[in-house]
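Whole structure, please, built from the sequences with the hints as guidance.
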Amino acid sequence: MTYGRHVYQVNTEKRRKVFAFLLKNFRPPTKTGLKNLGNTCYMNSIIQCLSNTIILAKYFYQGLYSESLNPKSNQKGKVAVEFGEVVRALWCSQYRSISIYDLKSVVGRHHKPFQGYDQHDSHEFLIKFMDWLHDDLNKVRDKFPKMEEQNFENVPDNKAAQLVIERLEERDASIVRTIFYGLHRSVIVCHTCSNRSLTFEPFSVLTLSFPANGRCTLKDMLHEFYKETSIEYRCDNCRRLTNCTRKFDIWKLPPVLVIHLNRFEHDILMKKKQNFVDFPLENLNLSDYLSDPYSYCTFDLYGVSNHYGTIDGGHYTAFCKSPQQTWYKFDDHEVYDISREAVKTNAAYILFYETTDNKTTY
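Residue numbers (full-length UniProt numbering): 1 to 362.
Be aware that one or more of the hints could be misleading.
[As the list claims (entries may be wrong)] With a Cα cut of at most 27 Å, we get these calculated BS3-like pairs of lysine-lysine: (1) Lys128 <-> Lys104; (2) Lys76 <-> Lys139; (3) Lys31 <-> Lys78; (4) Lys219 <-> Lys272; (5) Lys159 <-> Lys78.
Just so you know, the hints here were simulated from the structure itself, not pulled from any lab data.
Just so you know, these numbers come straight off a predicted model, no measurement behind them.
Given below as structure tokens:
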């Protein structure tokens, strides 16, 4: 058997054809707002960004999710069902705004802080909501024990990655995993004996830290996140703490890349980071951070979750790009056309990018 990334591509050929079918001729309007039920703007912002993730929207709009509903999930499939109702209402062109009361009620049952009407973090909601959707749509019904860390000594990286991917797919198989999840590679090399420790870890959201002060670019933050670092690490060969070098990169990119600009990173001052981040609207190139330079690596922005205010309170909105390439501002129940130039602000909090390469054949 030949191992390598091309094997993974062959294994997903059927999935590619399904995605191509889903994307074909899906061009509905995108101008329906979400009513604020009382400090629910954090939820509205994320729901608008997810509903403008076209491949996900069509999957729900056409009711295809019903074939994958998992009655054994903790949510009994109810989060996915309610999200499907919201997506259909948002894309049917019949309403200026709708209420997500039923969806809020369901998620509140599974996370008590979301029951009430206090302000919450849109990033926290996004992470939990994606986990719930995945559980509700997971085609793997059996529960597996937690994956133990494997020893990949003397195993080629391609073979090790394929083994990890196969083990992950045995446990988790949903459209959420397929669209939003990538794979990181970490290589730690001991300075004493040159022993090489290899691990792979799935990711769904990149959380990037801000520099100490001043303006910065998204590239600056990515360079800092993926830079080679010196660490102390217990070497398996030396059997003690040694000085090591850690190299961190992307083995596999997801079709949709979500980037969290960590404006609420806890430090001594406990203040929101108000820095302006210059991020590209088109052609975000990630080749500098890939282990394989031949993988697709260029992305276009289609959604932004914004936060205005301070760490103690504020307001969330969303900027989303329609299939017709028009940008809209979703401010709860109100929806406005905005210019491309208006998309970049110092309120940008979570960025949603989609691959530009082979869009119909993920």
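Going down the list of hints, with the structure as the test:
1. Lys128 <-> Lys104: holds (13 Å)
2. Lys76 <-> Lys139: Between Lys76 and Lys139 the Cα gap is close to 13 Å, so the pair holds against 27 Å.
3. Lys31 <-> Lys78: Status holds; Cα separation ~26 Å.
4. Lys219 <-> Lys272: holds (21 Å)
5. Lys159 <-> Lys78: violated (38 Å)
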